[in-house]
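Colleague: Sequence:
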Amino acid sequence: MNTNRKILAQKSDQDLEKYLVPDNRYEPDANRYAYEILQARGRQFSAEERKTIEGMIAAKEEKEKIVVHPYHRKAANLLYTSGGIGLINLFILQSSFTTETEWASAIISLLILFAIAVFASKGSSNVKYVLLVLLILGIIPYLNFLSMIVESPYFFISNLVQSALQVWAAILLFKIPKKEILLRQG
Numbered sequence: 001m002n003t004n005r006k007i008l009a010q011k012s013d014q015d016l017e018k019y020l021v022p023d024n025r026y027e028p029d030a031n032r033y034a035y036e037i038l039q040a041r042g043r044q045f046s047a048e049e050r051k052t053i054e055g056m057i058a059a060k061e062e063k064e065k066i067v068v069h070p071y072h073r074k075a076a077n078l079l080y081t082s083g084g085i086g087l088i089n090l091f092i093l094q095s096s097f098t099t100e101t102e103w104a105s106a107i108i109s110l111l112i113l114f115a116i117a118v119f120a121s122k123g124s125s126n127v128k129y130v131l132l133v134l135l136i137l138g139i140i141p142y143l144n145f146l147s148m149i150v151e152s153p154y155f156f157i158s159n160l161v162q163s164a165l166q167v168w169a170a171i172l173l174f175k176i177p178k179k180e181i182l183l184r185q186g
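Residue 140 in full-length UniProt numbering is what sits at position 140 of the sequence shown, and the numbering runs on without skipping anything.
No lab work stands behind these hints: they were computed from the structure.
We treat Cβ as the ideally placed atom computed from N, Cα and C, and that holds for glycine.
Warning: the hint list may mix true and false statements.
[To be verified] Below, computed lysine to any residue pairings styled on SDA-like, alpha-carbon distance capped at 25 Å:
| no. | residue 1 | residue 2 |
| --- | --- | --- |
| 1 | Lys74 | Asp15 |
| 2 | Lys74 | Lys122 |
| 3 | Lys63 | Leu110 |
| 4 | Lys74 | Ile112 |
| 5 | Lys63 | Leu20 |
| 6 | Lys63 | Tyr80 |
| 7 | Lys6 | Arg50 |
| 8 | Lys51 | Asp15 |
| 9 | Lys18 | Glu49 |
[Stated by the list, open to error] Listed next, with one range per pair, are the computed distances between beta-carbon atoms:
| no. | residue 1 | residue 2 | range |
| --- | --- | --- | --- |
| 10 | Asn4 | Val167 | 45 to 55 Å |
| 11 | Leu111 | Val21 | 42 to 52 Å |
| 12 | Thr99 | Ile136 | 46 to 56 Å |
| 13 | Lys6 | Val167 | 45 to 55 Å |
Given the sequences, and given the hints that come with them, work out the whole structure.
Modeller: Here it is, written out as structure tokens:
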């Protein structure tokens, strides 16, 4: 994603012209550098060409911008915290995992949780629905919460904290306004 201006400066004028063709595959920085290098070499652009090139660069830069709402970041941090608690539980309670299936399900659950956190941190708008479905499915083990309290109070409390963090993250994700509203605000 980083464009090296020195490398572009070594290219011929014909090669640099390819960077200024509309709908090219190059990054906006590369387009801008090619434009500036050609101007420095004495290439004269008409007013129409300048307008077209600058419009193309501006459009590409706008397309590259990804607006991530602060609630996405907060929700991701809550999910990372929940995953961290899950990792701690995995190591503390490793003696309670008796089969490979239990280990695999615990590790897969953590991987899914961290994946959801990554998508949330990148501003994915659909991750809230995935999280909601998984939260609803996660309620099922709490139906026998009395036996969990008796068997392992630490495990029950840590799961309760994890669930609270995940619910809080889901609430934050659902509180994010639609993108159209964000774009109008600024």
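Colleague: Next, verify each hint and record whether it holds.
Modeller: Verification of the supplied hints:
no.: 1; hint: Lys74 <-> Asp15; result: 45 Å, violated
no.: 2; hint: Lys74 <-> Lys122; result: 12 Å, holds
no.: 3; hint: Lys63 <-> Leu110; result: 33 Å, violated
no.: 4; hint: Lys74 <-> Ile112; result: 18 Å, holds
no.: 5; hint: Lys63 <-> Leu20; result: 17 Å, holds
no.: 6; hint: Lys63 <-> Tyr80; result: 29 Å, violated
no.: 7; hint: Lys6 <-> Arg50; result: 23 Å, holds
no.: 8; hint: Lys51 <-> Asp15; result: 21 Å, holds
no.: 9; hint: Lys18 <-> Glu49; result: 14 Å, holds
no.: 10; hint: Asn4 <-> Val167: 45 to 55 Å; result: 47 Å, holds
no.: 11; hint: Leu111 <-> Val21: 42 to 52 Å; result: 43 Å, holds
no.: 12; hint: Thr99 <-> Ile136: 46 to 56 Å; result: 26 Å, violated
no.: 13; hint: Lys6 <-> Val167: 45 to 55 Å; result: 52 Å, holds
Hint compliance for this structure: hints 1, 3, 6, 12 are broken, all remaining hints hold.
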